Amino acid sequence: MIALIPPHHEPESTSTSLAQSGVLVVKRHHVLVRLSHWLNLPLLLGLILSGISIYWASPIYQHRPDPNTGNFDVAADIGIWICAHVPGQHHYPSPPDWIYNHMSLGPGMLALALRFHWLCAYLFMLNGMVYVVGLVMGRGWRSLLPRRGDLLDAFRMFRYYLGIPFAKLARREWSHRRFNTKYNALQRAAYFSVPLAGFVSVATGWAIHKPMQLQWLAALFGGFDAARVWHFWLMWLFIFFLVPHVILVFADGWDTLRSIIVGWSTKVDRSEAIANEESGEEAPRLPCRATASDN
Amino acid sequence: MKNQEKKRQGFLAERPLPTIEIAPRILHYRTRRDLLLFGAGAAAAVAGAGLLLPQTTLARIGVRRNINARGKEWLLDKALRIDDDVAEALYSPDRRVPTYAKSQTTPIKNNYNGATPDPGYIPGWNLTLEGLASGLSISLDIRKLRNRFPIHEQVTRLVCVEGWSAIAWWAGLRFDDLLRAYPPKSQAKWARVESSVNLDASGNPDPYFVSIDLSTARHPQTLLVTHLNSHPLAVEHGAPLRLLVPVKLGLKNVKAVTRITYSAEEPGDYWAQFGYSSYDGI
Numbered sequence: 001m002i003a004l005i006p007p008h009h010e011p012e013s014t015s016t017s018l019a020q021s022g023v024l025v026v027k028r029h030h031v032l033v034r035l036s037h038w039l040n041l042p043l044l045l046g047l048i049l050s051g052i053s054i055y056w057a058s059p060i061y062q063h064r065p066d067p068n069t070g071n072f073d074v075a076a077d078i079g080i081w082i083c084a085h086v087p088g089q090h091h092y093p094s095p096p097d098w099i100y101n102h103m104s105l106g107p108g109m110l111a112l113a114l115r116f117h118w119l120c121a122y123l124f125m126l127n128g129m130v131y132v133v134g135l136v137m138g139r140g141w142r143s144l145l146p147r148r149g150d151l152l153d154a155f156r157m158f159r160y161y162l163g164i165p166f167a168k169l170a171r172r173e174w175s176h177r178r179f180n181t182k183y184n185a186l187q188r189a190a191y192f193s194v195p196l197a198g199f200v201s202v203a204t205g206w207a208i209h210k211p212m213q214l215q216w217l218a219a220l221f222g223g224f225d226a227a228r229v230w231h232f233w234l235m236w237l238f239i240f241f242l243v244p245h246v247i248l249v250f251a252d253g254w255d256t257l258r259s260i261i262v263g264w265s266t267k268v269d270r271s272e273a274i275a276n277e278e279s280g281e282e283a284p285r286l287p288c289r290a291t292a293s294d295n
Numbered sequence: 001m002k003n004q005e006k007k008r009q010g011f012l013a014e015r016p017l018p019t020i021e022i023a024p025r026i027l028h029y030r031t032r033r034d035l036l037l038f039g040a041g042a043a044a045a046v047a048g049a050g051l052l053l054p055q056t057t058l059a060r061i062g063v064r065r066n067i068n069a070r071g072k073e074w075l076l077d078k079a080l081r082i083d084d085d086v087a088e089a090l091y092s093p094d095r096r097v098p099t100y101a102k103s104q105t106t107p108i109k110n111n112y113n114g115a116t117p118d119p120g121y122i123p124g125w126n127l128t129l130e131g132l133a134s135g136l137s138i139s140l141d142i143r144k145l146r147n148r149f150p151i152h153e154q155v156t157r158l159v160c161v162e163g164w165s166a167i168a169w170w171a172g173l174r175f176d177d178l179l180r181a182y183p184p185k186s187q188a189k190w191a192r193v194e195s196s197v198n199l200d201a202s203g204n205p206d207p208y209f210v211s212i213d214l215s216t217a218r219h220p221q222t223l224l225v226t227h228l229n230s231h232p233l234a235v236e237h238g239a240p241l242r243l244l245v246p247v248k249l250g251l252k253n254v255k256a257v258t259r260i261t262y263s264a265e266e267p268g269d270y271w272a273q274f275g276y277s278s279y280d281g282i
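Chains A and B, in that order, are what the protein sequence lines are. Residue 1 is where the first sequence starts when you use this note's numbering, and the numbers rise one by one after that. Residue 1 is where the second sequence starts when you use this note's numbering, and the numbers rise one by one after that.
Hints are computed from structural coordinates only; laboratory data are not their basis. Heads up, some of the hints might be wrong.
No more than 30 angstroms apart at the CA atoms, straight line, and that leaves these computed lysine-lysine pairs for DSSO-like [unchecked claim]:
1. Lys210(A) to Lys78(B)
2. Lys144(B) to Lys210(A)
3. Lys72(B) to Lys144(B)
4. Lys210(A) to Lys102(B)
5. Lys185(B) to Lys144(B)
6. Lys210(A) to Lys72(B)
7. Lys109(B) to Lys210(A)
In this text the structure is predicted, and so the values were computed from the model without any measurement.
So that you can see chain B by itself, here it is in the shape it has in the complex:
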């Protein structure tokens, strides 16, 4: 026993550092060579920073010259694509997100990027489905949606790209049930989920749209929500129907969905236009 202990200690015990004898000029030569390499590396790092840093940051540290490197966007986009691929590889259609007790809910803020729409659109609201196997364009009102499909409740966390999160108690129909009732065309892999009532900061129409892969849309916790905290959705939370997709960032959770279009090709995404990821899996 004691022997074993000693042996283990021996394995972890520090070894003497390798010592060599060399001619002084070898030491000088190596030192000079490595210092030059080191200097080159430092210069490359500074140049790399100059190419990669945003113009506003460079301007603040006194770099006035406009360095407009094409490689910059390419490299940053490449990092984003790699990160999206990792996110997609991590996604499992069978993995449920954590659920919470109703007592654990936290206030959820109205994070409409622009102005909150006037509730006048709600009475005339309906949901249009396009890209269906039937080739038809289907229009559904909120009563039909609520009566036709089973309603599921879930208390899940909504995570915003900005870094805040909120736990909320939602109720609505499964996106998967809608997909089964109105199947998309066979080659469809994507859904474009759109809100035509979205406004920009000055109150002008600014349709909001996101891309959702159908694997995510079929996730059992991906809902088309009608209720928050047992009350019908208020206008600031996307009355009368919003997308709730807890495996994605909040920005994919479109409020006041007015149209869903299925397609084989990846559709556009509102925030991807501004340099955010278009996959947004969390």
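Okay, chain A solo, but in the shape it has when bound:
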């Protein structure tokens, strides 16, 4: 598997002098995967901000109008609660708009938010295609496929991640089962389901956008009104994914972050382990320390 790329450096592969000065890197992410990964950040931000501005015009979660204020929007209630209970927010000029002023482009701008949402949505769909092309060209798609035993392994990894801070505080050794794949089961579950959620978000978006011409699609999600609920909660899935995603990447360190920017990782042991597995050898199941490589 070891190939030497830069031609002007091309030594004999047996050359020991260069093997000593050379560094082994694993090509983890295709350039199109890296590009589309990062483009998701501004695009999803734009979609969420404009999406909540669109939500403002007709909130999914409503109640009977309050006899005093006339308010019927649960999001406005939350804003009112925040302004009443959160220190420093007591003098906020328009409590019902708090959520919309902090989590959207703003209230009362439906036309603009719709245009903004379409712009981001078309770019998001294009970006999704770029991602799929990158997965195929870089042959990374197989690493994302769920496999038998993933559910239990994902649970073990979840327990492991939860335990890291306590293990560090107690200076105890804390290990997880060694895996010989690109991702551990929990990562695989996340990196498989988030693109899937992106696809379903787009599908529910079309179901809401064209409920008559694409009536089969709206029916698939239980009709126009139900498709709106799907679309709304899929947004939260992205937000909930982002938090542990960012924490874990930073906890894991520079090599992992670099691999999604530069594409290369200098952690090569796991890919060799896969090679061993292919050749029929069982990879050793060793405990690793909490500080050891995982991402």
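Keeping the supplied structure of chain A fixed, place chain B upon it in accordance with the hints.
Positioned in the frame of chain A, the structure of chain B alone reads:
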């Protein structure tokens, strides 16, 4: 059989990641280059956001400077035009919208944007047709409309641009029948459907008008409605005649239609003036 299973698994099985050996300085060079590119991309994204975000949003995050980019409106309008083209491509004159049972109807709210007009206009109401092949201007009262044309019933969903929807039981004549009885001039592609009784929020006259392409007007479920839930339309639902065009957003469903003008060129549209789509196909 077992062999086949193994082969399929083999196709889906994870492959080892490609490993290469490089000089450390190549790794450093690549890292530096890509970080610089990444930084440039991040800066471009921030600048793009600064150019695209509405001024009120920017002001809230502390950007006081007035960024009035001409490209902003152009880009957002471009996205809207592309979306309209997609909507037009998706439209099929033969595709019916889903219909419901009468028991499935839901309350439909009065979504008059301004004040609801005083019902005083109803007795003197009539519908004027212009841009006809005959060159005449035709005026029809509600009795003539109801007696002359077959009445069709349908229970369909009205979808508002705001996001709410309502299922209602409507009855009225087909727009297509009106078009056949009073054909528009041959080059006509559009109808401007207008209500002169529309009011703004403070109760002043604010004529409401939308553009409807004739392909949509000829759709068998596009009606000129006289009844809702078997009762004549109430004033808040556009008595005595409203446009019902279920393949378009609610805002195209003009209440209290007073005039229909056919034209070759696309006529103006009330909500398009405020940055909404003028096609509005759903």
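### List of violated hint numbers, smallest to largest
Result: hints 2, 3 break, sorted rising.
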